[in-house]
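Participant: Keeping their order, the protein sequence lines are chains A and B.
In terms of our numbering, the first sequence opens at residue 69 and continues consecutively.
In terms of our numbering, the second sequence opens at residue -11 and continues consecutively.
Please note that the accuracy of each hint is not assured.
As the list claims (entries may be wrong) - The calculated lysine to any residue pairs, modelled on SDA-like cross-linking and capped at a C-alpha distance of 25 Å, are: (1) A:K293 - A:S127; (2) A:K237 - A:E216; (3) B:K132 - A:S177; (4) B:K132 - A:G128; (5) A:K189 - B:W34.
Calculated from the structure, these hints are not laboratory results.
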Amino acid sequence: MAGQAILSARGLTRDFRGFRAVDRVDLDVAPETVHALVGPNGAGKTTLFNLLTGFLPPSGGRIELAGRDVTGLPPERVARLGVARSFQITSLFPQLGAREHVELALQASSGLGWRFWRSAKLMRRYRDRADELLAMVGLADLAEAPAEALAYGRKRALELAIALALDPKVLLLDEPTAGMGLEDVDRTVDLIATVRRGRTVVMVEHNMSVVGRLADTVTVLQAGKVLVEGPYEQVRADERVITAYLGAADAAH
Amino acid sequence: MTERTELREGREGMPGQHGMTSAVDTPVEKPAPRSGLLAVARAPGWVRYALLAAGLLVALWLPNGLYPAVAVDILCWALFAVSVDLLLGFTGLMSFGHAAFWGTSAYLTGLVAIHAGLPFPAAVLAGALGAALLALPIGYLAVKRTGIYFAMVTLAFAQMVYYVANEWRSVTQGENGLQGVPRAFFGADLTDDYYFYYAILPIVLLGLFAAWRIVHSPFGRVLVGIRDNPARARALGYPVHRYKLTAFVLSGFLAGLGGGLFAVGHRFVSLDVLHWTTSGKAVIVVVLGGIGTLWGGVLGAALVVRLEDWLSFSGFEAIGLVTGGIFVLVVLLFRRGVWGTVAHLARRRAAMRRDRSG
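This is chain A alone, in the form it adopts within the complex:
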């Protein structure tokens, strides 16, 4: 199995001053699948995300991307290898307009960003593609709006547009529907179902109906360890998951 995985972790561990947030996690994400990470708050899901994307160096273990060792690479290198991520708490450039975000993301893979002697008007070459992506996430009318003026659901949509602009092989989404209204959740699920074609999606998600509709594989984390892994139906029926995850999630909400 490990040989086929596009993204895999072996014994991945991260300590924070004596607290082990991620504890010897083995993970294999099969190509062109949607792989959901679920678990109660504090299970280490976001830390795992930060490890997989280079935002945190692991205390131990190894990460491979399509067979290549990427352990300890800085986030910009991981991004350039085709891994795009969104953030749990919306992370945008407050001053920049929605389109400028997408243009900046589209530009990232070219050398244009280094041209300090050229006019920023050159970035207009990305305009059409940026508008396309904005339309895809339902932001066509808000291309000029500064990010800080967008409503919460729109910010989440913009996060997705930026990640897609990188045309990633692996898309890591940290709670893509968190805090959204039902309508926005449906639209986001449809969108992920569209963009997953030809890509691998790893997502942290609390909304089990979203997980059920999208995920091929579900990994349940608890206290930094993998509790159960398997198809959604199987995981949902697992006794350990019902007691550990659902109980804790109920208490937390």
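Got chain A; can you put chain B on it based on the hints?
Facilitator: Frame of chain A; chain B shown alone:
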């Protein structure tokens, strides 16, 4: 404490770095300082051209209305301030050691002008290139830190440069300073500050244009992104440290350009050019003019240099007390600085008029 320092400092741009608690799982959105960049870019075209024309006219008139020597100082400090704003306003890095580049260039320019007898623009260029070269290792080590740590690292290096210059008397003449820096320019007589002002004006305008170009380039757009959200910029694949380092070196070059002209302008280089108060004054000038406005630095330079000249002329000795007091007032009452406040009011009025007519 070591591990927290490693956590918050070890990986710059890591989510959660801004929290004092161990909120490592949550990226924290950082409130960004208001930028003039987009506001300037979005001002109507005729407003921008009118401002540019007015600015050029003032620049052409300046030595007729002020002591030419003061006007020369204003030009040099304008470059210095803009170089600091490039980092402070557009990259989010507060350098507290820019005197290192200003002063190193001043000494280099002086030495080249004295010993090589080159025309002064060539000497200034050599000085500015030297400053940029110095900015490379200092920047390499400094950009790995953010906030107050970045300021402290730059300050520490600037102090080192100061002490080297102080000790290396055979070259710098120590406390006596470099005397008699010539204003050679193909036999033209530039001893009169009035003519010298017009001789350096094109160089200064070129430097200011370069800064404007950098800010309004694809590179400048990335810098603003890095300033507002370094973690996001890294997630997009931008090597944040290398971008910051490039900005730092460019800024060092511009500061050096100003410092070199300053040396030729005064025909004398003293250790003051490397003193930490010079770095501090540059920051004050930028804050006074308006962080992240670029032209605010030019305005701030004009105000501070003019004010200091006026105070010293009227025999007032505690100049720092006045400039410091003004600095405190600006920080407390007009956080956008002079340029930023005026631009903000103009924008608000325009918006109100639009609302009324629409």
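Participant: If a hint holds in the structure, say so; if it does not, say that too.
Facilitator: Verification of the supplied hints:
A C-alpha spacing of about 15 Å is found between A:K293 and A:S127, which places the hinted pair at or below 25 Å, so the restraint holds. Distance restraint check for A:K237 and A:E216: the Cα-Cα separation of roughly 29 Å exceeds the 25 Å cut-off, and the hinted pair is therefore not satisfied. Of the supplied pair hints, the one linking B:K132 and A:S177 holds, its CA atoms being roughly 23 Å apart against a limit of 25 Å. As the CA atoms of B:K132 and A:G128 are separated by approximately 24 Å, the hinted pair is consistent with the 25 Å bound.
Taken as a hint, the A:K189 and B:W34 pair is honoured in the structure, with Cα atoms around 19 Å apart against an allowance of 25 Å.
Taken one by one, the earlier hints fail for this structure only at number 2.
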